[in-house]
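All chains should be modelled from the sequences, with the hints used to inform the complete structure.
Number of protein chains: 2
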Amino acid sequence: MEAARVGRPDTELAIEYDNQLGELMGLLVQKYGGSSVADVECMNRVARRVFDTQKEGHSVVVVVSAMGKTTDNLISLSRQVSAQPDDREMDMLLSTGEQISVAILAMALHGMGAKAISMTGPQAGISTDKFHTKAKILGIRPERIQSRLDEGFIVIVAGFQGLSPTEDIATLGRGGSDTTAVALAAALNADRCQIFTDVDGVYTADPRVVVQARKLDEVAYDEMLELASLGAKVLQSRAVEFAKKYGVELEVLSSFDRNPGTVVKEEVDTMEHIVVRGVAADKNQAKVTIHHVPDKPGVAASVFKDLAASNVNVDMIVQNVSEAGHTDMSFTTPSDELHRTRSAMEGLVDSVGAAGVNYDDDIAKISIVGVGMRSHSGVAHRMFDTLSRNNINIEMISTSEIKISVVIRREHADKAVQVLHEAFEMHLIQQ
Amino acid sequence: MEAARVGRPDTELAIEYDNQLGELMGLLVQKYGGSSVADVECMNRVARRVFDTQKEGHSVVVVVSAMGKTTDNLISLSRQVSAQPDDREMDMLLSTGEQISVAILAMALHGMGAKAISMTGPQAGISTDKFHTKAKILGIRPERIQSRLDEGFIVIVAGFQGLSPTEDIATLGRGGSDTTAVALAAALNADRCQIFTDVDGVYTADPRVVVQARKLDEVAYDEMLELASLGAKVLQSRAVEFAKKYGVELEVLSSFDRNPGTVVKEEVDTMEHIVVRGVAADKNQAKVTIHHVPDKPGVAASVFKDLAASNVNVDMIVQNVSEAGHTDMSFTTPSDELHRTRSAMEGLVDSVGAAGVNYDDDIAKISIVGVGMRSHSGVAHRMFDTLSRNNINIEMISTSEIKISVVIRREHADKAVQVLHEAFEMHLIQQ
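So the sequence lines, in the order shown, correspond to chains A and B. Take the first sequence: its letters are residues 20 to 450, numbered as in this note's numbering. Take the second sequence: its letters are residues 20 to 450, numbered as in this note's numbering.
Keep in mind the hints are simulated off the structure, nothing from the lab. Model, not experiment: these values are computed from the prediction. Any given hint could turn out to be false.
In this list, chains with the same sequence are indistinguishable; a pair is considered to hold if it fits within one copy or across any two.
[Said to hold, decoys possible] Here are the computed lysine-lysine pairs in the DSSO-like style, where the Cα-Cα straight-line distance is at most 27 Å: (1) K153 x K134; (2) K149 x K134; (3) K234 x K324; (4) K264 x K315; (5) K302 x K149; (6) K234 x K315; (7) K155 x K264; (8) K315 x K302.
Okay, structure coming up:
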C-alpha cells in the first residue's frame with residue numbers, strides 16, 4: 020500500500036480524520052436505500068449502525084426508503100383496480116411504504132435501548148410543490164426534528180415524500196429519498212449527509228472491468244454529476260445538484276461494511292492535482308446518422324426540435340464538414356429509446372431533404388472525468404493517442420470543461436477503459 | 020309473509036321509505052369494515068355501491084378499514100423487530116393499513132368515472148387524545164371534507180385514526196372505524212351513518228339457533244348497547260354510545276346484498292309496544308362461587324377490589340342469604356379469563372376467611388332485552404315460567420331496567436333461546 024501514498028504523504032492523516040468524521044461530534048444525516056432495508060435483518064443492521072453512530076457522539080437523522088418489495092407490491096395492487104391510477108392517490112398509496120419503514124426502524128432501535136422517533140415527510144416539515152409523483156421539495160421547517168435531536172432522539176424521517184401546498188401527501192419521484200436526505204442536511208446545517216447503498220463508494224472505474232480500480236476518497240460535485248450522467252448509478256443527479264447548490268458534503272458508503280466511502284464535496288484546489296478522476300463506459304447508447312442533409316441554417320434546429328417533441332433524449336451531437344452544400348449529422352441516444360427514435364425519424368428525413376438515416380446500436384461511449392482537466396493541457400491528446408495505439412477507432416468526440424467523451428465500437432469498451440485507466444495512472448489516485 | 024304484518028299494517032310503508040332513505044337526498048356516512056374490503060374484488064363491490072348511492076342523489080362520506088390481512092401482517096412485521104413495540108410507533112405502522120385502503124378505493128371509484136378523494140384521519144380533521152393505540156376522538160374539524168362534498172366528491176376517510184395533540188398519528192383501538200364513522204356523521208350532521216358488515220342486520224335471536232328469528236327493522240340505542248354487551252358482535256359498544264350521545268341514526272347492513280338493515284336510533288314511544296326486542300345467549304361465561312364467606316361489612320368490597328386489581332372482568336354478582344353469619348358469593352367472568360381469575364382467587368379465599376372456591380365453566384348467560392319492559396309488567400315471571408316449564412334450572416338472575424339475564428347450564432342454552440323466542444312471540448316482531 021506504500022505506493023498509494025505517492026504525492027500526498029503530508030495530507031493523508033488529516034483527510035482520513037475528516038473522512039471518518041473522527042470525534043467531530045456533529046450532526047449526520049444518514050440515508051439508507053431499498054437494498055439496505057430490504058428485510059427485518061437489514062433493518063436490524065441499519066439500527067445497530069445508526070445507534071453506534073449516536074454512541075460515537077453524533078446527532079443522527081435517518082432517512083429510509085420503503086422495505087424490499089413494498090413499493091412494487093403497492094403498485095401492483097393499484098394496477099388491479101385502475102389501469103391509470105390518479106397521481107394524488109398514487110402518492111397516498113406509495114407513501115405508506117416509507118411510513119412502514121420508519122416505524123419498523125424506530126421499533127428496532129427501541130429494542131436496542133436507543134431513544135428514537137419516526138416522522139412522516141409532512142411531520143418532518145418537508146413542503147413540496149403540487150406535482151404529484153414527481154414533486155420537488157420547496158422548503159423544510161426543521162423545528163420539530165431539531166427539538167427532538169436536542170432531546171437526544173435519533174430522528175427517523177420517511178424519504179421520498181412531503182406535504183403539498185394543498186396539504187396532500189406528495190412523493191418526489193425517482194431518487195427522492197436521496198434528495199430528502201440532502202435537503203434535510205441543508206436545512207439542519209448538518210456536517211455531512213451519508214448515503215448508504217450496496218456499493219462502498221465511487222471508483223476510478225468499474226472494478227469488474229479494471230482490477231486496479233481504486234475507490235476514490237473524494238470527488239467534486241461536478242465530477243460526480245458527470246459520472247452520474249454516465250451511468251454510475253451510485254447517486255441520483257438531482258440529489259448531487261441539490262448538494263452542490265446548498266454546499267452539503269455527501270458521503271457514499273456501503274451499509275454492509277464499516278469502511279469509509281467516497282466524499283462528494285466542493286471542489287478544492289488540491290483536487291486539480293488529479294487530472295482524471297475516473298473513466299466510465301456507457302454501453303447503453305446507440306448512434307443515429309442522417310446522411311446528406313442540406314447544409315443550410317435551421318436544419319439542425321428543425322431536426323432536434325422534432326426529436327425533443329417526441330421525447331427522445333439526445334446526448335452527443337456531431338456534424339461533419341460540409342461537402343457540396345450537404346453534410347452528415349450524427350447523434351447518440353439511449354439504446355432503449357431507439358424504437359421511439361426510429362418513429363420520430365420517420366418523415367423527418369424527407370421533410371429536411373436528407374438522403375437517408377442509419378441506426379447503429381453497437382457502440383459505447385467512453386468518458387474520462389476530472390476537474391484537473393481545466394488546468395492541465397494535453398489530456399485529450401493523451402486519451403486519443405492511447406486509444407489509437409490500442410487500435411481502437413474513435414467515431415465521435417464530445418467535450419466539456421471537465422470531461423472528454425468518445426464513441427467507439429462496443430466490443431472495445433472494456434479494453435478502452437482498461438488502457439485509459441492505466442494511461443492516466445488512476446491506480447495511483449488516492450485523494 | 021302476511022303474518023309478519025300483524026300489528027302494524029299502516030306504518031309499514033312509511034318505515035320502509037325511511038329505512039331505505041328513499042329519495043331523501045341527504046348526507047350519508049358509510050363505513051365498510053375489514054370483511055367488506057378484504058380484497059380487490061370486495062373493493063370494487065364497495066366502490067359500485069358507494070357510487071350508486073351518490074347517483075341516487077346522496078352526498079357520501081366513506082370510512083374504510085384496512086384490507087384483509089394487512090393489519091395482521093403489519094403486526095407480525097413489528098413483532099419481528101420488537102417484542103413490545105412502542106405504542107406511538109405501532110400507530111405510525113398500523114395507520115398505513117387504512118391509508119392503503121382509502122387510496123385503493125379512490126382509484127376504484129375513479130375507474131368507474133366517479134369523483135372521489137381519499138383522506139387520512141388527520142387530513143379529515145380528526146383530533147384525538149394522546150393515548151396511542153387506544154385513543155379517543157376529541158373533535159373533528161369537518162371543513163375540508165365539507166368543501167369536497169360541496170364540489171361533488173365522494174370523500175373517503177381512513178378509519179381508526181386521527182391526529183394527537185402532539186401532531187402524531189394515533190389509532191383508536193378496537194372498533195375504531197365504527198367510531199370514526201359515527202363521529203364524522205355527528206360532525207357533518209349526516210342524515211344517517213351506515214355500518215356495512217358481513218351480516219345484514221340485528222336479529223331477534225341468532226338465526227343459526229332460532230329458525231324463526233327475524234331481522235329487526237329498528238332498535239333503540241339502549242337495546243343495542245345491551246345486545247352488544249351480550250356478545251352480538253355487530254357493532255362496537257363504543258360506537259353505539261357515541262351515536263346515542265350525538266343522536267346519530269345508525270344502520271347496520273350487509274355489504275354483500277342490497278337489502279335494508281337494522282336502524283339503531285333514539286327510543287320512540289312506539290318501540291315500547293314491543294316488550295322483548297331480542298334474546299341472546301352468551302356461552303363465553305364461567306361462574307365462580309366462594310363458599311362460606313363471613314357475612315360482615317367490607318368482605319364483598321375486598322373480594323372485588325382484588326379482582327379488579329388483577330384485571331378480571333366481573334359481570335353478574337349474586338350473594339345468597341346469610342346462614343349463621345356466613346354466605347355464598349357467586350360471580351360470572353368471561354371463560355377465557357378464567358385462568359387469570361384463578362390466579363387472583365389464590366390467597367383471596369384465605370384472606371377473607373372463606374371455606375373454599377368453586378369454578379364452573381359449563382354455564383351460559385341468557386338475556387332478554389327490550390325497552391318495553393319498562394312499561395310492561397310480568398316479563399320476568401313469563402321468562403322464569405317458560406324456562407321452568409321446559410325443565411331449565413335458573414342458577415343466577417340479574418336485571419336492569421331493559422334487560423333480564425339468567426345463568427343456566429350451557430347444554431340448555433339453545434333450547435332456552437328457542438323457547439323464550441317463542442314465548443315472547445318475537446317471530447311476530449316487525450318494527
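Hint check results:
no.: 1; hint: K153 x K134; result: between (33 Å within a copy, 23 Å between copies)
no.: 2; hint: K149 x K134; result: between (34 Å within a copy, 19 Å between copies)
no.: 3; hint: K234 x K324; result: neither (41 Å within a copy, 70 Å between copies)
no.: 4; hint: K264 x K315; result: neither (40 Å within a copy, 83 Å between copies)
no.: 5; hint: K302 x K149; result: neither (36 Å within a copy, 56 Å between copies)
no.: 6; hint: K234 x K315; result: neither (48 Å within a copy, 86 Å between copies)
no.: 7; hint: K155 x K264; result: within (14 Å within a copy, 46 Å between copies)
no.: 8; hint: K315 x K302; result: neither (33 Å within a copy, 94 Å between copies)
When the structure is compared with the earlier hints, violations turn up for hints 3, 4, 5, 6 and 8 and for no others.
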